[in-house]
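*Asks:* Given next are the chains, with one letter for each unit.
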Amino acid sequence: MKVLVTVKEVAEVADDFEIEGTEVGERYLEYDLNEWDDYAVEEAVQLKEDGPAEEVVTVTIGPERAEETIRMALAKGADRAIRVWDDALAEAELLDVETKTNLLAAVVEEEDPDLVLTGVQSGDDNFGATGVSLADQIGFEWGAVVNALDYDHDEGVAHVHRELEGGVEELTDIQMPAVLTIQTGINEPRYASLRGIRQAQSKEIAPKTLADVGLDADAVESDLTLTSMYEPESESDVELFEGDASETAGRLAEVLREKGVAE
Amino acid sequence: MSSDVLAVAEHRRGEIRDVSYELITAGHHLANDTGGDLHLAVIGGDTERFGEDLNREGVDYVHTVSEGEEFNHDIYVQAVEALHAELDPEVVLMPNSVNGLDYAPAVANRLDIPLATDAVGVDYDGGLTVTREMYGSKVETTVEVGGDQQAVTIRGAEWPAAEGVGDAEIAEFDADIDTDVGSTVTGFEEVGSGDVDISEADFIVSIGRGIEEEENLPLIEDLVEALDATLASSRPIVDNGWLPKNRQVGQSGKVVTPKVYLAIGISGAVQHVAGMKGSDTIVAVNTDPNAPIFDIADYGIVGDLFEVVPELIEEFE
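Heads up: the protein sequence lines correspond to chains A and B, in order.
Per the numbering used here, the very first residue in the first sequence carries number 3; after that it's consecutive.
Per the numbering used here, the very first residue in the second sequence carries number 3; after that it's consecutive.
What the hints contain is simulated information worked out from the structure, not anything from laboratory work.
Accuracy of the hints is not assured; some may be wrong.
Chain A regions said to be covered by chain B (calculated; three or more residues, Cβ under 8 Å) [as the list claims (entries may be wrong)]:
1) 96-102
2) 115-127
3) 163-173
4) 227-235
Where a beta carbon is used, it is the ideal one built from N, C-alpha and C, also for glycine.
Start from the sequences and build out the full structure, keeping to the hints where you can.
*Replies:* What follows is the structure, encoded as structure tokens:
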């Protein structure tokens, strides 16, 4: 079985930052592997180590800079990587779900995987929708917010737990081929070993343009337009304790005594 | 040109979920702006009882689809697709819940309409504008959603729940659903039961990512002991395996309502806040003055927990 894992490099915003137009200033951003995707990569690599998967391929929509992040996934055990990018994508302000679906569907068509794993959501634009949208587009079954996976190769079924709200899990059988969106906590993502990092240097990261995957610039046209970005207004009337650690702890202790929860 | 709004209710194990009533409020507001009707759909389960229950002020029609007992995304997608074809609404509203995200993206894809998820605001003025957050709630954005028809999922607890009995027309809708589907729900499992029920606690000390390493847990345990409090945490601590699931506060964990909730090294992601905002008094200790937790806290210390916690332990020893 071949497993395709979608991997995203996400921007994290520094504690203090400025908004310039409809984006956060580049100097306030740091890039990292999307947390949810890290768990998806780990799940795929474990499927390979346990037997059912022969190959783990990652796919990323992102500029050349993203290769650093992709190398992390390769160092953790993915076999090779595909990176889709070109000028039309670079110019797009907001890659909406439909655009990402189109691009990833084109890659699925080329790669013909049996299982696609994605993170539940991404830490930056947080649509939380690409995996399920992709599944529908490529005619795969799917499961969203999966926090346990028991893959039955003989029956072609993924037995999954879906993490619902309020401490309830749904047990679901999903026919393969499928797209599963992976929730944090499903496994314990490994650290990349030095050996893995060395090996990753020689693994393939195939850059592809829209044309390479059989699409034209229309595929990037979005119905969603970002019109403004701002820091949310705080409705807070928080009373902040001033002073050094001893003083602030002292004030906090007073409050806890006043509220009658500590003596 | 269509202008109606279709909202899809959610239920689980025989109960309508709160987000359904919030959808009604959001949908009513939107339908007022579009000048159309608010149609509500409820799919599966005890649709007769659910239909009556969902007949709240602002709802014009309730369409019941009697297929299946519990949520099944294959059935939901077909039902919403069929309702969409029949009603031709301008906007489809669905919950941004775990189940909402298990079918809404497929609905949008199948109908070939744009999708905006996790909306905290929706407005219509000749076109649809959605308010969303990015970068872990650090920024808010407004997004114009083009196209003639759109799909939106709305975040729970952002709109008040609709109340009052309405005068909606309630009718069964025959969606002609293919039940030979590829996903089957086989059961449910309660997780998070264990030695302590944090939802009963009066005083909770809760920890998040800010404690950095498992090795720092004993420091917090000393504090909990000195304060005679109950230890809880946000999701990352449980994901890391440092505390069991029964200690997790939040959307996917427990909802707690203590007298005092002391949040240490917790940034205040919306999923966490959903589980603790009902606390009488919220106190936050965090190094980041912009952390969203300070927006809901009553008292706060902007500072290093590794300096503050030992001082606090000393106060009570």
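*Asks:* Tell me, in ascending order, the numbers of any earlier hints that this structure violates.
*Replies:* none
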